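Colleague: Going down the list, the protein sequences come from chains A and B.
Okay, so the first sequence: first residue is 78 according to the numbering used here, each after it adds one.
Okay, so the second sequence: first residue is 78 according to the numbering used here, each after it adds one.
Honestly, the hints are just simulated from the structure, not real lab data.
It should be emphasised that the depicted structure is a prediction, and the values quoted were computed from it without experimental measurement.
Incorrect hints may appear among the rest.
If chains are identical, the list can't say which one is meant, so a pair holds when it fits in one copy or spans any two.
[To be verified] Mimicking BS3-like on lysine-lysine, the simulated pairs with C-alpha atoms at most 27 angstroms apart in a straight line are:
1. Lys258 to Lys467
2. Lys316 to Lys158
3. Lys110 to Lys148
4. Lys413 to Lys258
5. Lys171 to Lys420
6. Lys230 to Lys258
7. Lys467 to Lys516
8. Lys316 to Lys516
9. Lys148 to Lys316
Number of protein chains: 2
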Amino acid sequence: MHSSKIMWLLLLVSHFTQAHQADGSLYSDDFLKQTKALRDRALDDDLAYRITESLTTEVGARLAGSPGDAKAVAWAQEKFKELGFDRVVIEPVKLTRWTRGEETAAVIAPYPHQLAVTALGRTLPTPESGLTGELIHFNTLAELEAAEPSEVKGKITFISNRMERHQDGSGYGKAVGARSKTAQVTAAKGGIAAIIRSIGTDDNRTPHTGAAQYDEAIASVPAGAVSNPDADLLVNMLKRDQPVVLNLKLTSHWDGEYTSHNVIGDMLGTSQKEQFIVIGCHLDSWDLGTGAIDDASGCGITMAAAKLINEHIGPLKKTIRVVLWANEEYGLSGAKAYHQAQKNNLTNHILGGESDFGAGEIYALGTRVAAESMPIINQMMTLLRPLGIKYSNNQSSSGADLIPLRQAGMAVFSLRQDGTDYFDYHHTANDTLDKIDPKALAQNVAAWVVVTAMAANTEHDFGFGLKE
Amino acid sequence: MHSSKIMWLLLLVSHFTQAHQADGSLYSDDFLKQTKALRDRALDDDLAYRITESLTTEVGARLAGSPGDAKAVAWAQEKFKELGFDRVVIEPVKLTRWTRGEETAAVIAPYPHQLAVTALGRTLPTPESGLTGELIHFNTLAELEAAEPSEVKGKITFISNRMERHQDGSGYGKAVGARSKTAQVTAAKGGIAAIIRSIGTDDNRTPHTGAAQYDEAIASVPAGAVSNPDADLLVNMLKRDQPVVLNLKLTSHWDGEYTSHNVIGDMLGTSQKEQFIVIGCHLDSWDLGTGAIDDASGCGITMAAAKLINEHIGPLKKTIRVVLWANEEYGLSGAKAYHQAQKNNLTNHILGGESDFGAGEIYALGTRVAAESMPIINQMMTLLRPLGIKYSNNQSSSGADLIPLRQAGMAVFSLRQDGTDYFDYHHTANDTLDKIDPKALAQNVAAWVVVTAMAANTEHDFGFGLKE
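The task is simple: from the sequences and hints, build the whole structure.
Modeller: In structure tokens, the structure reads:
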């Protein structure tokens, strides 16, 4: 480890020097003119929308391990070829399959109601006949964590905290702990099942699924999310100070080993063919909707950006690698498999970005690059500002699928999308094509064209080995 | 019939004279001051919201003939008593019960998808195992009506027209024919089932139910509505010019005779105790949501208005009758039963209004009254304008439950609500309490207080026997 760190440092020194030399005349006038023209052309181009429509219509739901997963992998190979990618490969990704079963919830007393419920990903099943228990209500996960086991024992816990709406989606991080942790915390205190208010900003009867923490060695219970209106109903009912009794049936379960695939399309570079600008999206989706904003739109944006660059500017110095990652949703399985497969080749991964925050307009660029790369970033910003994009900062973390590469030292960027409405639909049956504004999608492509082309058409390195 | 018409004419003459005499000094200053004060008080009052919350929480879904129906009748009697109504009666309403069963729809080819579907009210069941057929697509009901039977025979019809959004809900009338008629038109042409795009303005995976025309003597087929996103998906799929094959399972069915009840609460008048200002809502709801905007809010508004008048102004000259109508949704059963029961007493029904268009702010008053009643209407308008309400016209038709009384000759009014969002939620699982803005609901109560109090506190008749 120590010797490889030294090697990285040496690499860094050489790259920093290179960047410094290039400062002032980073790109040819011709290339800058072509990039600007393509940026503007992309604003009127519908390729990303057509790709997104194709994936959501011809495949639809594609939970890792489901029949849709294999269809999506076949679709992606076909689509890369149709778009003229130079090299299309699939990479096996082993995972343990989680399968959704039936999901129903009903208040039995004091006032019978059917509730809209969905199982949290990776949770355990109730008995086939369901289970029945009295609700115990907590306003927050912290309240549940602080509760006496004697209060919780034998009961169904209910956490009712509501996610806040913000452009940058920052309400998610504050609220999502309830989803991640309630099954294990409830089990530890002797509860028999857990429900939470959906981690979402909408008022639709479309509950939000999403992964819960799971570890075979740690006790857990069946856990589901009810929709926001159903959570409101329960809260109102609980105010009446009578026991609220729920029947819950969630037959989702772990279901054996499965091999999915990352699908990788390369537009090969010229002078640095084996140096990669890694962009992409995740190919899997939750199973309730057609995975349009999570994450078909990200696939449409990044596949279209690479295709448009190749078609209108031509091959650049470095290779543009578009990775459609497998099983982001309940395991980051594709990201881990890729990192493992590339472990002797990590330093060839020059700069990475993932589009995985819906289809809203991009309002900011964030980076995590060497200080010496800032002249290039500044040059990118010159072309991004006319799209309404400002520079954020150099502490970006990019998408979830890039975590292993970033932790290994790869430089990353993040084109930050307006997420004001993202959590209205995220992980619900409502994640469908109609939620995407084609104009906003095109603006995304224009921005990805700029960053990707400029990152690929330089021999500069963006600083491998940056500390977290 | 002829002699009773003459009697009505004589009555009209006497009432017109009365109105003319009262002109210029229609109400005492004290009463006007009290009404104004109560109007303003109502804007800060939450009684209507509390009633609406109570019905949607303690009863919830209450489709005519379902367990919720009987619970709602019991709830209503109790609530009227709690609010201090002078006379509470229930009136039997016989109906043939329609019951929703399972409902699933799936595209089998070319691209498998699960669809969000709901049965249209009063339609026939598919076999228990479902039925499978190729889709035939029509953009409008008119296109289906014009189709050759040979095109439709053996197929599942699909009408994809989309409802327009307007403040006054006028898009509904233009679009709803597809829902009303497709089952019978499809059957007449040899189709095996029918699906339509939901009659709704939203983009949620919450399909809109609602009644279809039904007559035992006319052939029909199972019929359902898919959500707007699902309809979009089908339209996109159909563009690919491959047969689209659907499996449809809708086990809803007619289910024998049932006796529901209108629930009637009277705040008794003084000098004209047996003359009625008839206000109200319908007590039943569709079964997918909790019937909050359709029509618990109407019950909250009108029950609260009568209660506030009685509490803060006291008994008025005429009786304020609040009718919670049974089975509006698939039969107008309560409206017909009341009309039948009151057939010798119709002329005592002086003026009627129903609140059945959600919970949006009121923006206009419409009427259907004798020309001689306009001074009173003008006086009402003086108190309504500060609420942002304008006068519409004298061709109002009021709510569906008043059709039999209006056709018999009763004068009516309509306090028109902003329906811009109404058809996002109407007849869906999304019709829940969170869709109601308490401030808008209070504005409704303020307006109903003004019209109801001023109509009840005069010996004027509003012109029974007006021609349609």
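Colleague: Next step is simple, just say for each hint if it's right about the structure.
Modeller: Okay, the hints, checked on the actual structure:
In this assembly of identical chains, the alpha carbons of Lys258 and Lys467 never lie at most 27 angstroms apart, being 36 angstroms within a copy and 54 angstroms across copies at closest. Proximity of Lys316 to Lys158 under the C-alpha cut-off of 27 angstroms is restricted to the inter-copy arrangement: shortest distance 23 angstroms between copies versus 59 angstroms within a copy. In this homomeric assembly, Lys110 and Lys148 never come within 27 angstroms of each other (Cα to Cα): the closest approach is 40 angstroms inside a single copy and 72 angstroms across copies. Taking the shortest Cα distances, Lys413 and Lys258 sit within 27 angstroms of each other inside one copy (22 angstroms), while across copies they are farther apart (55 angstroms).
With identical chains, the CA atoms of Lys171 and Lys420 are at most 27 angstroms apart within one copy only, with a shortest distance of 17 angstroms there and 75 angstroms across copies. Taking the shortest alpha-carbon separations for Lys230 and Lys258, only the intra-copy value of 17 angstroms comes in at or below 27 angstroms, while the best inter-copy value is 55 angstroms. Taking CA atoms no more than 27 angstroms apart as the test, Lys467 paired with Lys516 passes inside one copy only; the shortest distance there is 19 angstroms, against 39 angstroms between copies. Taking identical chains as interchangeable, the C-alpha atoms of Lys316 and Lys516 lie at most 27 angstroms apart only when they sit on different chains, with a minimum of 22 angstroms there against 46 angstroms within one chain.
For a Cα distance limit of 27 angstroms, the shortest separation of Lys148 from Lys316 across copies, 20 angstroms, qualifies, whereas the shortest one inside one copy, 48 angstroms, does not.
Violated hints, in rising order: 1, 3; the structure is consistent with all others.
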